[in-house]
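2 protein chains.
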Amino acid sequence: MRNDIVPDIVVRRLPLYLRTLRQVQRAGVHTISSEELAQYLGSTAAQIRRDLSFLGRFGKQGHGYRVHALIRELEYALGLDRTWDVALVGYGNLGQAIAHYRGFEPNGFRIAAIFAKSPDHIGQVVNGLVVLPDSDIERVVSELGIRIGIIAVPASAAQEVADRLVSAGVRAILNYAPVVLRVPVSVTVREIDPISMLQSMTYYLRDPSCDEHRSYADGDLTGAIRAEPRPEAR
Amino acid sequence: MRNDIVPDIVVRRLPLYLRTLRQVQRAGVHTISSEELAQYLGSTAAQIRRDLSFLGRFGKQGHGYRVHALIRELEYALGLDRTWDVALVGYGNLGQAIAHYRGFEPNGFRIAAIFAKSPDHIGQVVNGLVVLPDSDIERVVSELGIRIGIIAVPASAAQEVADRLVSAGVRAILNYAPVVLRVPVSVTVREIDPISMLQSMTYYLRDPSCDEHRSYADGDLTGAIRAEPRPEAR
Numbered sequence: 006m007r008n009d010i011v012p013d014i015v016v017r018r019l020p021l022y023l024r025t026l027r028q029v030q031r032a033g034v035h036t037i038s039s040e041e042l043a044q045y046l047g048s049t050a051a052q053i054r055r056d057l058s059f060l061g062r063f064g065k066q067g068h069g070y071r072v073h074a075l076i077r078e079l080e081y082a083l084g085l086d087r088t089w090d091v092a093l094v095g096y097g098n099l100g101q102a103i104a105h106y107r108g109f110e111p112n113g114f115r116i117a118a119i120f121a122k123s124p125d126h127i128g129q130v131v132n133g134l135v136v137l138p139d140s141d142i143e144r145v146v147s148e149l150g151i152r153i154g155i156i157a158v159p160a161s162a163a164q165e166v167a168d169r170l171v172s173a174g175v176r177a178i179l180n181y182a183p184v185v186l187r188v189p190v191s192v193t194v195r196e197i198d199p200i201s202m203l204q205s206m207t208y209y210l211r212d213p214s215c216d217e218h219r220s221y222a223d224g225d226l227t228g229a230i231r232a233e234p235r236p237e238a239r
Numbered sequence: 006m007r008n009d010i011v012p013d014i015v016v017r018r019l020p021l022y023l024r025t026l027r028q029v030q031r032a033g034v035h036t037i038s039s040e041e042l043a044q045y046l047g048s049t050a051a052q053i054r055r056d057l058s059f060l061g062r063f064g065k066q067g068h069g070y071r072v073h074a075l076i077r078e079l080e081y082a083l084g085l086d087r088t089w090d091v092a093l094v095g096y097g098n099l100g101q102a103i104a105h106y107r108g109f110e111p112n113g114f115r116i117a118a119i120f121a122k123s124p125d126h127i128g129q130v131v132n133g134l135v136v137l138p139d140s141d142i143e144r145v146v147s148e149l150g151i152r153i154g155i156i157a158v159p160a161s162a163a164q165e166v167a168d169r170l171v172s173a174g175v176r177a178i179l180n181y182a183p184v185v186l187r188v189p190v191s192v193t194v195r196e197i198d199p200i201s202m203l204q205s206m207t208y209y210l211r212d213p214s215c216d217e218h219r220s221y222a223d224g225d226l227t228g229a230i231r232a233e234p235r236p237e238a239r
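Those sequence lines, one after another, are chains A and B.
Be aware that the first sequence starts at 6, since it is given in the working numbering, and climbs by one per residue.
Be aware that the second sequence starts at 6, since it is given in the working numbering, and climbs by one per residue.
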């Protein structure tokens, strides 16, 4: 299966390459080296060459990539040589922001159905779409053949929504709810999780000088976080 | 420096462990094995043990982790034994959704200042905060000693906002704008990028049967994406 060929960590980076290449193309650039691309991306030339090698060979080193050709290869590899319909479930503040976001269509996605639970939201019209009751999820998603869902409901409702989207044929879920969804292996999930991202940054903000009450063992790397196992932690 | 000790990929996973542990704690669970944790997280027990070993040793294998103690260790490691003030820049649909999001405070973050460009937004009151003109960024962020910024402005304005936040003392940026920010090495950036996430999922949705016009070389793994380098791609 092709799905297993390119490591997922590489698949996740390909859209960043595509975005950057489109930006430099708009700026009138026709060829770009892996070194230049690395600068734009805060990456390394070696990693970019390795990642792009999964798409095939792109000519001699030192000549750079042809921007237009590489964009086409990336679009093809990522399945972006078409537009994908997306079902949005949830129409609170976040769902509304997503529904109004204008970045989807230029990038290959079209919100084709919006579902809400609240009677206040059902029946509203957004970009020509009527917000539907969430009881319609199965019928509409399967009738329209939608394969991609965006979940923007509270954490407590997210798993049920995911189950219903999957049963209606969705195979890719962008999950804004702060919960790990359980889905069949045939379904891909990506999480939008601002809290985890913030929490993973405060790790770097902690002031090391505040750590002095900890009994660090000199020269013990592990000790920089905690010198010794605490008796109460087992 | 501690910053270099735990690989960033591990640092990014620690908040997921924390979130899951808090969930099981609320459900009344006192100890949990790495196998159980792995099930909740769609991960493996080995990876969880390896990741958590960066925090120190947590007793004998087979006894499981004490949930309460592990939560405290994670909070400490991630700098979440305090509340962090956050500056939000941008008050369009997305900025408003972020401002109204109630998930920040229970997780250690408090939006302490909101900045907007549009006169329609400046002066609005949200959760007791007056939306300020973005010309106030430097003064307010530095006066309040804010170290974390959330950027929710259009891509074209994001770099300038980042520069100004950094010059005012911000050291961690959560970036919702679809652009790679250039920041000093002392600043951590995480990107919220729904388009890239969607695009990295369509890779798995592409129908292999549509690939038949491509001249795949049988048994050539690379060929599953493209059999031969195209002449025009160099």
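No wet-lab data here; the hints were simulated from the structure.
Don't take each hint at face value.
Claimed, not checked - Short derived list, chain B residues pointing at chain A, Cβ under 8 Å: (1) W89; (2) G108; (3) I127; (4) V130; (5) V131; (6) L134; (7) P138; (8) S172; (9) Y209; (10) L210.
Where a beta carbon is used, it is the ideal one built from N, C-alpha and C, also for glycine.
Hints, verified against the model:
About 6 Å separates the beta-carbon of B/W89 from the nearest beta-carbon of chain A, less than 8 Å, and the hint is met. For B/G108, the suggested interface contact is upheld, since its CB lies about 6 Å from the closest CB of chain A, less than 8 Å. This hint is violated: B/I127 has a C-beta 19 Å from the nearest C-beta of chain A, more than the 8 Å allowed. The interface hint given for B/V130 is violated, since its Cβ lies 16 Å from the closest Cβ of chain A, which is over the 8 Å cut-off.
Hint on B/V131 is violated. Least Cβ distance to chain A is approximately 11 Å, over the 8 Å limit. Look at B/L134: its Cβ only gets to about 16 Å from chain A, farther than 8 Å, so that hint breaks. For B/P138, the shortest C-beta to C-beta distance to chain A is roughly 22 Å, which exceeds 8 Å, and the interface hint is violated. Interface hint status for B/S172: violated, as the beta-carbon distance to the closest one in chain A is roughly 17 Å, over 8 Å.
Of the supplied interface hints, the one on B/Y209 holds, with its beta-carbon coming within about 5 Å of a beta-carbon of chain A, less than 8 Å. Interface hint at B/L210: satisfied, since its Cβ lies 5 Å from the closest Cβ of chain A, which is below the 8 Å cut-off.
Violated hints for the displayed structure, listed by number in ascending order: 3, 4, 5, 6, 7 and 8.
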